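**Student:** Each chain is listed here by its residues.
Number of protein chains: 2
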Amino acid sequence: MSQQLYLIRHGIAVDRGLYEKDEDRPLTEKGQKKTTKVAKQIDEVGITFDIILTSPFVRATQTAAILQEAGLSKTLESFSPLAPGGDIQAWLDWWNNWQQETSPHQGSVALVGHEPDLGNWAELLVWGSIQEKLIIKKAGIIGLNCPDNYSPLGTSKLFLLTPPKWFLKE
Amino acid sequence: MSQQLYLIRHGIAVDRGLYEKDEDRPLTEKGQKKTTKVAKQIDEVGITFDIILTSPFVRATQTAAILQEAGLSKTLESFSPLAPGGDIQAWLDWWNNWQQETSPHQGSVALVGHEPDLGNWAELLVWGSIQEKLIIKKAGIIGLNCPDNYSPLGTSKLFLLTPPKWFLKE
Chain A
1 MSQQLYLIRH GIAVDRGLYE KDEDRPLTEK GQKKTTKVAK QIDEVGITFD
51 IILTSPFVRA TQTAAILQEA GLSKTLESFS PLAPGGDIQA WLDWWNNWQQ
101 ETSPHQGSVA LVGHEPDLGN WAELLVWGSI QEKLIIKKAG IIGLNCPDNY
151 SPLGTSKLFL LTPPKWFLKE
Chain B
1 MSQQLYLIRH GIAVDRGLYE KDEDRPLTEK GQKKTTKVAK QIDEVGITFD
51 IILTSPFVRA TQTAAILQEA GLSKTLESFS PLAPGGDIQA WLDWWNNWQQ
101 ETSPHQGSVA LVGHEPDLGN WAELLVWGSI QEKLIIKKAG IIGLNCPDNY
151 SPLGTSKLFL LTPPKWFLKE
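Chains as they are written, first to last, in our numbering: chain A, 1 to 170; chain B, 1 to 170.
Worth flagging that the hints you see were computed from the coordinates, not collected in a lab.
These numbers come from a predicted model, not from an experiment.
Calculated pairs, DSSO-like style, for lysine-lysine (alpha carbon to alpha carbon, straight line, at most 30 Å): (1) A:K34 x B:K138; (2) A:K137 x B:K40; (3) A:K37 x A:K157; (4) A:K40 x B:K40; (5) A:K34 x A:K157; (6) B:K157 x A:K137; (7) B:K33 x A:K34; (8) A:K34 x A:K165; (9) B:K137 x A:K40; (10) A:K34 x A:K21; (11) A:K37 x B:K157; (12) A:K33 x B:K165; (13) B:K157 x A:K138; (14) B:K138 x A:K37; (15) A:K165 x B:K34; (16) A:K40 x A:K137; (17) A:K157 x B:K40; (18) A:K138 x A:K74; (19) B:K34 x B:K157; (20) A:K37 x B:K30; (21) B:K74 x B:K165; (22) B:K138 x A:K138; (23) A:K37 x B:K165; (24) B:K34 x B:K165; (25) A:K30 x B:K157; (26) A:K165 x B:K74; (27) B:K34 x A:K40; (28) B:K165 x A:K157; (29) B:K37 x A:K138; (30) B:K165 x A:K138; (31) A:K34 x B:K165; (32) A:K157 x B:K138; (33) A:K34 x B:K157; (34) B:K40 x A:K33; (35) A:K30 x B:K37.
Computed spacing ranges between beta-carbons, pair by pair: (36) A:E132 x B:Q89: 23 to 31 Å; (37) B:T28 x A:E20: 54 to 62 Å; (38) B:N149 x A:Q100: 46 to 54 Å.
Just so it is clear, CB atoms sit at the ideal spot from N, CA and C, and this is done for glycine as well.
Please construct the entire structure, taking both the sequences and the accompanying hints into account.
**Tutor:** Right, dumping it as structure tokens:
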């Protein structure tokens, strides 16, 4: 058995410079529409999440809210280690607790965050080291199968990496 | 600049045992239909290939023919190193020649073959070693950006890994 972990990058946000703080930048209208399409299509694939954890940055929380509004998850929590530069160890601790609480381990967790962190985390989980070899577009999705009886670090498998261009049928 | 390399696994084939030789196993009807849908959707994404190289095994040549019939490539060639257990070095030699012949290097090449070879090749191209961490479903697609001025071995980047379930909008 394994658990599925989805890493989802926030949608297109307004340019830097328009907001004093980077963390306040919201999604553009185009970003909202595209993210909504992605959310609807995740729903059509038949995927739901037990929980969505999101970076507290506005462009991420908006992305996560769109996923929740599409009916993909009842639970949505802000998780500060998903902010840019966050420490994967804090998430590994969360994951460890999550696994102890959920039994049997057949869940599905979504993380909404930023690049290059999401790609780095995915590489750490799958290959155990960061090489920056994954290209993740805005509103793009990574899917990992994580083992449920031991650490997912370096032991997970990659089953999905798709930019909206390939995922959405226009 | 970089070149795009797509690694496409053959569609669903008839069971082992029904044919004396594994290499003779054709796609099932379901496999043909699903592969045709995948081909149509690759076309809708706006992708074309300069050339498709395929394993000489029947289930792969049929898959490649479906891609070609969808208008994705004018050129289709059988390439024996894509058979199960084939040597990536033979393909690297081909790639080297291909790059010398095509200029500027802005092409797109598709390889149709088998698991675990395709996943192994992708890992060698991206991370330089085989760890069997990629899950590639039948008629699934991997997309790599390969550098055009030096060997793609360990220097390519992964931008796409999608099973039909996520790629096709049913």
